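A.B. asks: Read left to right, the sequence shown gives residues 1 to 493 (UniProt numbering).
Just so you know, the hints here were simulated from the structure itself, not pulled from any lab data. Note that this is a predicted model, so its numbers are computed, not measured. Be aware that one or more of the hints could be misleading.
Straight line, CA to CA, 20 Å or less: simulated SDA-like cross-link-like pairs of lysine to any residue [stated by the list, open to error]: (1) Lys-112 / Gln-308; (2) Lys-22 / Ala-436; (3) Lys-365 / Ala-355; (4) Lys-22 / Glu-179; (5) Lys-330 / Lys-121; (6) Lys-440 / Glu-96; (7) Lys-121 / Asp-86; (8) Lys-474 / Glu-410; (9) Lys-16 / Gln-178; (10) Lys-378 / Gln-367; (11) Lys-434 / Lys-364; (12) Lys-112 / Trp-300; (13) Lys-386 / Pro-400; (14) Lys-18 / Pro-432; (15) Lys-365 / Ile-405; (16) Lys-144 / Glu-356; (17) Lys-378 / Ala-366; (18) Lys-474 / Asp-396; (19) Lys-16 / Thr-439; (20) Lys-330 / Ser-363; (21) Lys-301 / Glu-151; (22) Lys-121 / Lys-16; (23) Lys-364 / Thr-408; (24) Lys-330 / Glu-96; (25) Lys-121 / His-87; (26) Lys-171 / Arg-25; (27) Lys-264 / Gln-308.
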Amino acid sequence: MADWNIFNLQQIEATKFKDFVKLSRFYASSPVGLMMYRTAVDTSTKFSSQPLPFTLLPSPFPKGQFQEALDLQTHFNTLIHECTLDHEFLLEALEEPAQTDLFISKLLHLLKECKPYTSKKRVFLNMIRNDYMLHPSTTPEQIKFDLKQVEINTIAAGFVNIGPRANALHKFTLNYYQELTHSRDNIVLPENKADELSALAMATAYNKYCEVYNAAKSNTIILFIVVSEEKEYNVFDQRPIEVRLFEEHRIRVRRLTLQSLIDKVTIGDKQELRVDGEEIAVAYFRSGYNEKFYPTEKEWKVRTIIEQSNTVCVPSIAAHLATFKSIQQKLCEAGAVEKYIKDPNIVKRIRDTFAEQIALDGSKKAQDTIALVRKNPKLYVLKPNKEGGGNNYFDDDILPVIKAIENTDEMKNHILMQRLNPPDLQMCLVNPNKEAYLTKGNSELGIFGYYVKVDDKVEMNVEGGHVLRSKDQKDNECGISTGIGYVDSPYLV
1 MADWNIFNLQ
11 QIEATKFKDF
21 VKLSRFYASS
31 PVGLMMYRTA
41 VDTSTKFSSQ
51 PLPFTLLPSP
61 FPKGQFQEAL
71 DLQTHFNTLI
81 HECTLDHEFL
91 LEALEEPAQT
101 DLFISKLLHL
111 LKECKPYTSK
121 KRVFLNMIRN
131 DYMLHPSTTP
141 EQIKFDLKQV
151 EINTIAAGFV
161 NIGPRANALH
171 KFTLNYYQEL
181 THSRDNIVLP
191 ENKADELSAL
201 AMATAYNKYC
211 EVYNAAKSNT
221 IILFIVVSEE
231 KEYNVFDQRP
241 IEVRLFEEHR
251 IRVRRLTLQS
261 LIDKVTIGDK
271 QELRVDGEEI
281 AVAYFRSGYN
291 EKFYPTEKEW
301 KVRTIIEQSN
311 TVCVPSIAAH
321 LATFKSIQQK
331 LCEAGAVEKY
341 IKDPNIVKRI
351 RDTFAEQIAL
361 DGSKKAQDTI
371 ALVRKNPKLY
381 VLKPNKEGGG
391 NNYFDDDILP
401 VIKAIENTDE
411 MKNHILMQRL
421 NPPDLQMCLV
431 NPNKEAYLTK
441 GNSELGIFGY
451 YVKVDDKVEM
461 NVEGGHVLRS
471 KDQKDNECGI
481 STGIGYVDSP
491 YLV
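Make a model of the complete structure from these sequences and hints.
C.D. replies: In structure tokens, the structure reads:
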């Protein structure tokens with residue numbers, strides 16, 4: 001891996017290195033930087049902002065694998081859309097997990113309840129993020145690492161604005177590094193238009209909605225359903241979409257929580273969704289991805305009303321269900337991808353990104369895999385059907401969980417996925433609450449995809465930019481909101 005690591009931060013004199021880190025912190029805090037809200041130390045009611053954790057410099061990523069991730073995204077967009085239209089597939093795949101998972105059970109019930117309504121919807125918008133890691137290759141020597149899929153996120157797929165901002169930060173820090181070290185390496189940071197394309201996808205769906213349902217744009221808006229109207233830590237990732245929608249498309253956005261919608265949301269005479277009298281063309285969920293957002297039946301009623309209306313749900317209930325690990329495991333099985341993608345070459349390329357995933361269904365394959373895990377838990381990751389980050393089990397933590405759920409129905413609400421081993425790379429991690437430090441770390445690449453369809457006509461199907469997240473090699477998860485992950489950018493090698 002030495003040929004990938006072209007930065008030698010140890011060569012920078014200590015005082016200059018400290019100044020370098022300070023300047024990068026300031027850049028990340030600037031209006032074009034990387035920010036998040038945080039709770040103030042002195043009170044729980046006031047909020048301030050701080051930079052997101054970030055890497056001082058971009059991290060290497062092989063050009064061929066990066067390009068393959070981009071090229072495959074439009075095919076994954078199609079795969080996910082076609083999968084979500086196949087309600088029988090979704091119901092069959094999640095029937096057993098739903099027996100022990102109330103949240104999945106409620107979503108499946110809602111899918112069945114809303115089927116007569118969803119079949120009438122003619123405008124679809126999916127906004128997804130496809131996450132990958134590199135893994136040591138078993139193919140010819142010249143390919144050292146394969147591109148392997150970690151998961152697909154179909155709801156609240158964040159960091160569409162953070163990726164391009166990280167790119168801007170790293171262009172700055174690269175120039176500064178080269179000035180300090182007198183180096184002139186030709187480092188390629190790929191173009192990243194995730195921020196532009198996310199707004200364009202929403203605007204496309206909005207315009208198609210207004211066209212299909214003859215809605216007056218003067219009284220039709222986009223609704224962001226958020227964690228909190230005032231205390232959303234990731235607001236700096238979300239608000240730029242709202243600004244761009246207005247500046248470039250003259251579309252207004254309103255931000256509300258599921259709870260605040262309880263007394264506001266109604267369905268009009270034409271099956272349109274209305275909030276305080278305004279028609280909602282697109283309902284974009286940045287919350288609602290796990291059970292904590294539905295403390296009462298009132299929140300479920302809101303979700304039902306939204307799903308039964310003509311509004312373009314991002315995601316629909318069907319697309320929401322596609323985010324669960326059991327669905328992604330089912331897509332790995334023989335014949336599943338082939339059902340939705342007919343080109344055998346594309347099918348092979350998609351399947352080449354799949355890591356081994358085992359359903360814990362009591363089969364001999366499941367039992368044999370569990371036996372392997374008991375001998376060496378580092379071979380697999382135990383994944384429950386949970387969203388929101390920090391839910392997976394690694395290493396020796398897997399064993400007591402398997403022991404506790406073995407021979408129970410809860411086993412069927414988990415999968416075992418092959419453990420991926422991305423290369424460890426030299427990086428400098430900068431956390432707003434800690435001293436910056438040099439360490440070995442590894443990265444996870446997220447590719448955004450946007451898909452708009454009206455009836456049988458695809459209006460938009462694009463690869464929508466990227467985000468790279470990195471972490472210290474000692475950590476298993478890569479969640480930025482938890483302080484473990486760091487915003488990064490790829491430089492192509």
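A.B. asks: Quickly compare the C-alpha distance for Lys-365 and Ile-405 to 20 Å and report which way the hint goes.
C.D. replies: Cα-Cα ~17 Å, so holds.
A.B. asks: Has the given pair, Lys-16 with Gln-178, been kept, meaning a C-alpha gap of at most 20 Å?
C.D. replies: holds, 13 Å
A.B. asks: Taking only the CA atoms, is the gap from Lys-378 to Gln-367 under or equal to 20 Å?
C.D. replies: holds, 17 Å
A.B. asks: With the threshold set at 20 Å, check whether the alpha-carbon distance from Lys-121 to Asp-86 stays at or below it.
C.D. replies: Given that 20 Å is the threshold and the Cα spacing comes to 15 Å, the pair holds.
A.B. asks: Need the status of pair Lys-112, Gln-308: alpha-carbon distance at most 20 Å?
C.D. replies: OK: Lys-112 and Gln-308 at ~11 Å, within 20 Å.
A.B. asks: For the pair supplied as a hint, Lys-301 and Glu-151, confirm whether the alpha-carbon distance does not exceed 20 Å.
C.D. replies: Distance of about 29 Å is beyond 20 Å: violated.
A.B. asks: Does Lys-365 pair with Ala-355 here, judged by a C-alpha cut-off of 20 Å?
C.D. replies: With Cα atoms ~16 Å apart, Lys-365 and Ala-355 stay inside 20 Å; holds.
A.B. asks: For the pair we were handed, Lys-474 and Asp-396, check the Cα-Cα distance against 20 Å.
C.D. replies: The given pair, whose Cα atoms are some 14 Å apart, holds under the 20 Å limit.
A.B. asks: Measure nothing beyond the straight line between the CA atoms of Lys-144 and Glu-356; if it is 20 Å or shorter, mark the hint as holding.
C.D. replies: holds, 19 Å
A.B. asks: Taken at face value, is the distance from the CA of Lys-16 to the CA of Lys-121 at most 20 Å?
C.D. replies: violated, 59 Å
A.B. asks: Would the hint linking Lys-330 and Ser-363 be met if the CA-CA limit is 20 Å?
C.D. replies: Judged against 20 Å, a Cα distance of about 15 Å means the pair holds.
A.B. asks: Is Lys-386 close enough to Pro-400, meaning Cα to Cα at most 20 Å?
C.D. replies: holds, 18 Å
In this structure, the hints that do not hold are numbers 5, 6, 8, 11, 21, 22, in rising order.
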